[in-house]
Every structure is written in C-alpha cells, then in structure tokens.
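Asker: Protein sequences appear in the order of chains C and L.
The first sequence: position 89 = 89 (my numbering), numbered continuously.
The second sequence: position 122 = 122 (my numbering), numbered continuously.
I should point out that these hints are in silico values taken from the structure, not numbers from a laboratory.
Any given hint could turn out to be false.
Put simply, identical chains are the same to the list, so a pair is met inside one copy or across any two.
[Said to hold, decoys possible] Quick list of in silico lysine-lysine cross-link-like pairs, DSS-like style, CA-CA up to 25 Å:
1) K250 x K182
2) K49 x K250
3) K286 x K182
4) K49 x K85
5) K49 x K182
6) K49 x K246
7) K246 x K286
8) K290 x K246
9) K182 x K65
10) K290 x K182
11) K65 x K286
12) K65 x K85
13) K286 x K85
14) K250 x K85
Residue-level listing of the chains:
Protein chains: 2
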Amino acid sequence: MGGAVRYIVGVDLGGTSIVVGTMPEDGSALHAPQMRPTPVSEGPDAVVKRILQLIDRSTTAARDKLGDIEIAGVGVGSPGPLDTKAGVVIFTPNLGWRNMPLRDRISDGTGLPATLDNDANCATYGEWWRGAARGADLVVGLTIGTGIGGGIVHHGRIFHGASDVAAEIGHMTIDMTGRLCKCGNYGCLEAYASGPAIAARARENVQSGTPSALPEYVRGDLTQITAQVVYEAAADGDELALEVVKDTAKFLGAGIASLINILNPEVVVVAGGVTLAGDRLFTPLKAEVKRRAFRPAVDACRIVPGALTGTAGVYGAVAAFKAQMWDTV
Amino acid sequence: MGGAVRYIVGVDLGGTSIVVGTMPEDGSALHAPQMRPTPVSEGPDAVVKRILQLIDRSTTAARDKLGDIEIAGVGVGSPGPLDTKAGVVIFTPNLGWRNMPLRDRISDGTGLPATLDNDANCATYGEWWRGAARGADLVVGLTIGTGIGGGIVHHGRIFHGASDVAAEIGHMTIDMTGRLCKCGNYGCLEAYASGPAIAARARENVQSGTPSALPEYVRGDLTQITAQVVYEAAADGDELALEVVKDTAKFLGAGIASLINILNPEVVVVAGGVTLAGDRLFTPLKAEVKRRAFRPAVDACRIVPGALTGTAGVYGAVAAFKAQMWDTV
C-alpha cells in the first residue's frame, strides 16, 4: 500500500437509467460520469453488459485525464430487496430480476473487487459522505421519484436492519384507511407523495372540475401530467398546482414527523424531483413537521434538500464499497 | 476488582408507581423488589425521598438475604424527555418536573454512582437483556399503558437519537386526519391504542347504542370502563369488547408494520396491560402486520409479548447503568 490515491467506480443502477462514475477514495471529485438508459426489456445479461461498458468508458476517460490511476474496485447500488453479504439481488419488480448474483457478475466482468448495496441506502449514504448531511451521526434520507426510497445512516454506516430491508420509508402508513399503494398496503406515504401520486392527485382535481391551467401544459392530454408539470404550473402561479404542492408538503410532513419522533435524526435529506418545488414545498413541509413532532426532536433536526442531484447514488455506492471492503469511509 | 459479584440497584420511576430492585451484575435474579405509589402531588423532593427509601429497603433486604454484598451503583429509568449525559430530567408532564438533576440527587442521597435513562428505553432494554428479546441485534419495544412508550435497542445499546428523544413510537401517525392526541398531533398510534384510548373507544360504542354487557362490569357507570375491563369482557365473549380488541390489533398492526418497514427489526416486543388480551390481540395483530409490511421484513421479525411483566424497567435501568458506567452489558 503506497501513498498513491486509489480510485473507486460507483454504479447507480435504476429502473430507468444507469449512472456510473470514477472517483478518488476520498470522494473529492467525480470523474467521467456516464449515464445511459437501462435496457430492462432486453433482460439481465444486457443490463450487466451495459453496466460493464459504462464502467469501462468511465475508467478509460478517467485514465485519459489523470494518467495510470489504480482502480481499487466497483461499488454497485441496485434496487432491492437484496442480500448485501452475498451480493445478490433477491427480487426487483422494476427490473424483473430474481436471485441475480449482480456483485459477482460485475466483479467477474471487470476483474475487480465489487460490492452491492441498496440504491436508496446508497443515495442517503452519498449525501452523508459528500452531500447535504456531511458528518451527521444519524441521517434519514427520502428519495422521491417513481417511488419513495429511503435510507438511514448511523455512526457512519448504512443501517441495514435484520434482513437488509430497513428504511422502506415510502411504505410507512400515514393514513391506514387511505389510498391503496402498489405494495398492497393502504395509506403508504408513497401512495400520496411519489411523483406519480402527485401527478394523479393533480389529474383527479382537474377531472373533478377545479379550474386550472394544467391542461394547457399538456395540450389537453391529462395523462401527460407529471409531477414536474405540476411544479412548473405552481411556479407560474396556478392555484390548483399550488394546492397539490401544499398537500404534498402535508403528506411528507406527516411522514417525516413520524420519522423524527421514532428516530430523532440530526438531518432529514429530501431528494429527487420534488425538490424542484423549492421553498414552495419546504416551507409548508417544515411547518407541518413542527406542528406534528416533538419539540426537542424537531429542534435537533435539519430538513434539507439533497445536494448531489443525480449522483448521490454513485457517491453512496463508492462509500458502501469502502465500508464493506475496508471498514472505513 | 476481585472476583466477587457486584450488585446494582434498578429504579423504575413512573407517574403512578416506583419500582426498585437489587440484582447481581449479570441480571440472573431480582432481589427484594419494592413497589410504592409515586407521591406526585407532594412534589419532586418527596419523590426523591421515596426513591431513596425504596433503594435503602431493597438493598437492606438483599443484604439480609445475601450477606455483605457490594452495591456498585444505581440505574434510574424516568419519564422524559431527559438529558442522559447530564443526568437531568428536562421535562415530564406526568410528574410536572422541569430541569430536575435526578441522577445527582440519587447519587448524593445514596453515596453511590448513578445513571439516568428514559423509562420506555429501559423497559425495552430490560426485555433485550433478560426478557423476550434476549440476544437480538435489533429490537423495537412498545409499552402500552396510559400512553404508548417506545424503545429501540441496536447492537446491545439503547438507540438514543440525536437529542435523547428517539423511539417516541406512540406518536407515530397512523391516520393523519384522525383522532387528536394529547401531544397535539392528529392520528398518533397512542390516540388509538393506549389504555385510555381503548377504554374510550369501548365507551363511545356503548354510548352510541351497540349492545354489550360492558355496563354491567361497571355497575352502569361508563366512566369506570378501563382497558382491563374491556379485556375481561372480551374474555367472557362480549361482542362489542371483542370488536374493540380486534380494532386495537388493527391499529397496533398498522403502527408495527410501519416500524418493521422502517427498521427491519429482529424482534418487536409488545408489553403492558394490553398483553392481557393474549392471542385475542396477537393473532389479528400479526395478521394485520403481514397484510401491511414487506415480506422479507415480516419474515425476519418475531412479534412477542414482554416477558418481564412489571420489572422490565428495573432490569433495563440496571443494564443502562452497566452500559453507561462500564461500557458493557
């Protein structure tokens, strides 16, 4: 072990896209980031091939820039549930995989050591390591997109729980007789505040006759309303859209208040598309949390937007590699 | 440090009663337990005096039985919020205290080292150390009484959170537009499944005309209906009481399902009066959890009644003393 800096490749595998980047072990820079769609319909072999391609491209580009750097290994973040120790993706609805030995496939394909961890855990871990929650002893993260992913970081380590499935924060119940969630449960946070849920609530309001400019944003085709369209319309002052964002803040506020009462974290990081709504979301969200959670827990907690937009998962996959392989991050 | 066994005194201070006992450092027996009402209305000095009296009685009785044992110190569990490190009770609604340096008062009064921790944390810690959750790496505990207290034990330590107020499990939201809780929030688990909430739901059902034998249990005075009366009537087959117990199982099941999705614990310990309802409670509760939580998390988790009825807090206060003073339990 000379004094030379080692480099690590981070892979963030999602149902829509794959992001790969190369960074020095201290995470001080992200070199040669690559992003491509996930070829889900072509099956697991095609996805593995695409990942290996992107790793090759990223490390080659990093070497072109930095010279002959030493690559110590590859950290992979993947949707789960998965078995961290075995390196196996047990099941993922988005990719349609079962018992896929992803870690060893990546390791075999690159000739490098590899590790596997949950994508939402990695996103929170990245924010703790190099993002909005640096240095905090206890961090809860929510990544709001197609679903609501969650992560908990404690004492510098990902909190995995008894069987590697902790931090399914999107599936905490906020209204036990409420909306049916894709997971089969009623009233999950995700059923109210994920991107598609935000779009659905806006659409329902338009359909029930609430006046709004939203149809104009999608040329009258309401199926085209997405959460992003709602944020745009809210920024333009559309009252229905503003109301939908305010309701989103209430739902997230109720969920985050429960998390604060249960875990008493130092930082809650809210990441994903929803942060595009800015203060329009965060101001009522914080007010709702204050109304609902215990004062000493609220006072101890910062609620902040994610700082590593689009790359938190790559940073976290690298941090998880260090934690698993070297027991230090 | 000879080979002689050291003894530790555990104190469980509650709003209703104080329980004190003496045990060897390995927790293998509880000697000379003492229990007296908490003289809340007489103020903090009277409460401290009563605690000191009970410590003296317990250690004297233990010495009468065991000979001249060495007492290493006193572990105290108290309602909070409190500052564990400073040994100060910051505020407790039930006792009406503010900034009470309880640890030093007990230490000064006994001439022994003392520690302070939260009562609900201690109850869960006791169940982990010597009760229903022995040896588990991650335990969530709920103690159901006048309120719903909670505790989380991870890697053999109480999980305190950023400001010592973690595990306020009774105040997680299960229905964000639901019943008003004493804490000011709407839809807390405690507002549905605490002892008084169970009694209130039964009373409301009787008052709205549902046929039931419940009034006969309280000579027609519905204000006398308690959760315990509801369990008795349920055991006797009263349909309204059975329905109330089944609803309690659903509310607790929704809350515990969220905890399982968030924390993925090995064991959930449900303690307190509610366990008197036995399988009548636990069978539908487990079914509700299974319906709501993720399969790999449910499969990894045992849901069990507490094993240390009435003394879990004393065991846990002793374990917390060991953790704080000796860094080993």
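Asker: Now tell me, hint by hint, if it's right for this structure.
Answerer: Outcome of the hint check:
1. K250 x K182: both (21 Å within a copy, 20 Å between copies)
2. K49 x K250: neither (43 Å within a copy, 47 Å between copies)
3. K286 x K182: between (27 Å within a copy, 21 Å between copies)
4. K49 x K85: within (23 Å within a copy, 53 Å between copies)
5. K49 x K182: neither (30 Å within a copy, 57 Å between copies)
6. K49 x K246: Classified as neither: same-chain Cα gap 43 Å, cross-chain 52 Å, threshold 25 Å.
7. K246 x K286: Classified as within: same-chain Cα gap 11 Å, cross-chain 35 Å, threshold 25 Å.
8. K290 x K246: within (15 Å within a copy, 33 Å between copies)
9. K182 x K65: neither (45 Å within a copy, 62 Å between copies)
10. K290 x K182: Result: close only across copies, 15 Å inter versus 29 Å intra.
11. K65 x K286: Intra 44 Å, inter 57 Å, cutoff 25 Å: neither.
12. K65 x K85: neither (34 Å within a copy, 51 Å between copies)
13. K286 x K85: Neither, since 37 Å and 29 Å both go past 25 Å.
14. K250 x K85: neither (38 Å within a copy, 35 Å between copies)
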